[in-house]
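A.B. asks: Sequence:
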Amino acid sequence: MSELYNVYCDESCHLENDGINVMTLGALWCPVAKRADISKRLREIKVKHGLSADFEIKWTKVSKGRLDFYLDVIDYFFDDDDCHFRGLVVPDKTVLNHHNFGQTHDDWYYKMYFVMLKSIFDPESKYRVYIDIKDTLGHEKITKLHDVVCNSHYDFSQHMIEKMQRIHSHEAEQLQVADLLIGALAYLHRGLTTNQAKLDLISRIKERSGYQLTRNTLIRESKFNLLIWNGQGDS
Numbered sequence: 001m002s003e004l005y006n007v008y009c010d011e012s013c014h015l016e017n018d019g020i021n022v023m024t025l026g027a028l029w030c031p032v033a034k035r036a037d038i039s040k041r042l043r044e045i046k047v048k049h050g051l052s053a054d055f056e057i058k059w060t061k062v063s064k065g066r067l068d069f070y071l072d073v074i075d076y077f078f079d080d081d082d083c084h085f086r087g088l089v090v091p092d093k094t095v096l097n098h099h100n101f102g103q104t105h106d107d108w109y110y111k112m113y114f115v116m117l118k119s120i121f122d123p124e125s126k127y128r129v130y131i132d133i134k135d136t137l138g139h140e141k142i143t144k145l146h147d148v149v150c151n152s153h154y155d156f157s158q159h160m161i162e163k164m165q166r167i168h169s170h171e172a173e174q175l176q177v178a179d180l181l182i183g184a185l186a187y188l189h190r191g192l193t194t195n196q197a198k199l200d201l202i203s204r205i206k207e208r209s210g211y212q213l214t215r216n217t218l219i220r221e222s223k224f225n226l227l228i229w230n231g232q233g234d235s
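Letter by letter, the sequence shown follows residues 1 to 235 of full-length UniProt numbering.
Any given hint could turn out to be false.
To be verified - When the alpha-carbon atoms are kept at most 25 Å apart in a straight line, the in silico SDA-like pairs for lysine to any residue are as follows:
hint: 1; residue 1: Lys-223; residue 2: Arg-208
hint: 2; residue 1: Lys-206; residue 2: Asp-80
hint: 3; residue 1: Lys-163; residue 2: Asp-107
hint: 4; residue 1: Lys-48; residue 2: Tyr-76
hint: 5; residue 1: Lys-64; residue 2: Asn-195
hint: 6; residue 1: Lys-111; residue 2: Arg-166
hint: 7; residue 1: Lys-223; residue 2: Met-160
hint: 8; residue 1: Lys-40; residue 2: Asp-81
hint: 9; residue 1: Lys-34; residue 2: Ser-52
hint: 10; residue 1: Lys-206; residue 2: Gly-65
hint: 11; residue 1: Lys-34; residue 2: Gln-165
hint: 12; residue 1: Lys-206; residue 2: Met-112
hint: 13; residue 1: Lys-118; residue 2: Arg-220
hint: 14; residue 1: Lys-126; residue 2: Arg-35
hint: 15; residue 1: Lys-64; residue 2: Arg-190
hint: 16; residue 1: Lys-46; residue 2: Asp-75
hint: 17; residue 1: Lys-46; residue 2: Ala-197
hint: 18; residue 1: Lys-118; residue 2: Arg-35
hint: 19; residue 1: Lys-206; residue 2: Trp-229
hint: 20; residue 1: Lys-111; residue 2: Arg-128
hint: 21; residue 1: Lys-223; residue 2: Ile-161
hint: 22; residue 1: Lys-206; residue 2: Thr-194
hint: 23; residue 1: Lys-61; residue 2: Ser-209
hint: 24; residue 1: Lys-206; residue 2: Glu-56
Derived by calculation from the structure, the hints in this document are not laboratory data.
Given only the sequences and the hints, what does the whole structure look like? Please build it.
C.D. replies: Following this line, the structure appears as structure tokens:
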């Protein structure tokens, strides 16, 4: 019987003219059967650090006073074999020439989402994809992305990828952890250095992953998979 997975997607600095060169996309995925256990454990970590169980894990909230909490969240992610992450970094979206490729920025954005997701999917398994509602993907765009991804995997009946839908980040702890990991990648690749707590968190991710986070991992890396996209047929 096929295993069913939930995939939680988030993004950072995705707009074409937002004044920020780097764009990041990412997804945390886990077996549906483990979803509740993972959420429960993350909520326990919040309470352990004197926070409400409903406190929202966010990269923008990382500070010196909450560093130990966020380090515990990162350690939990790496300690739990059921949690996996795939990140995609576009180092400089300002050099893109959409006209030369006969595409709009939205077309390219779909392409990046597809590139980010495709290495997660195994045709022997099934998936439900959840995307942060704050992202630019409205209902019509979600439907189109679902069609694009399914068709590219010859999943025309949408049997493998059962659904894609938008959710609020407060609805899923897993989506909050995706936000944290994506935020760390964006901070590193933008060369920012003003927040020591964020730098310490990035150092912990490097230590636990075994990667410097500046180069591609192997495509079959299943725990912390990273692609630095240069537009040359990367996968």
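A.B. asks: All hints are to be evaluated individually against the structure, with a verdict given for each.
C.D. replies: Hints, one by one, checked against the model:
1. Lys-223 to Arg-208: holds (10 Å)
2. Lys-206 to Asp-80: Since the Cα atoms of Lys-206 and Asp-80 sit roughly 17 Å apart, the hinted pair holds (cutoff 25 Å).
3. Lys-163 to Asp-107: Judged against 25 Å, a Cα distance of about 21 Å means the pair holds.
4. Lys-48 to Tyr-76: holds (13 Å)
5. Lys-64 to Asn-195: Answer holds: Lys-64 to Asn-195 is near 8 Å, not above 25 Å.
6. Lys-111 to Arg-166: Cα-Cα ~18 Å, so holds.
7. Lys-223 to Met-160: holds (21 Å)
8. Lys-40 to Asp-81: Distance of about 16 Å is within 25 Å: holds.
9. Lys-34 to Ser-52: holds (22 Å)
10. Lys-206 to Gly-65: holds (21 Å)
11. Lys-34 to Gln-165: holds (20 Å)
12. Lys-206 to Met-112: With a Cα-Cα distance of about 24 Å, the restraint between Lys-206 and Met-112 holds, given a limit of 25 Å.
13. Lys-118 to Arg-220: Holds: Lys-118 and Arg-220 sit about 12 Å apart, inside 25 Å.
14. Lys-126 to Arg-35: holds (15 Å)
15. Lys-64 to Arg-190: Within the cut-off at roughly 20 Å; holds.
16. Lys-46 to Asp-75: holds (13 Å)
17. Lys-46 to Ala-197: holds (18 Å)
18. Lys-118 to Arg-35: This hinted pair holds, its Cα atoms lying about 21 Å apart.
19. Lys-206 to Trp-229: holds (19 Å)
20. Lys-111 to Arg-128: Holds: Lys-111 and Arg-128 sit about 19 Å apart, inside 25 Å.
21. Lys-223 to Ile-161: holds (21 Å)
22. Lys-206 to Thr-194: holds (19 Å)
23. Lys-61 to Ser-209: Holds - the C-alpha atoms of Ser-209 and Lys-61 are around 22 Å apart, at most 25 Å.
24. Lys-206 to Glu-56: holds (23 Å)
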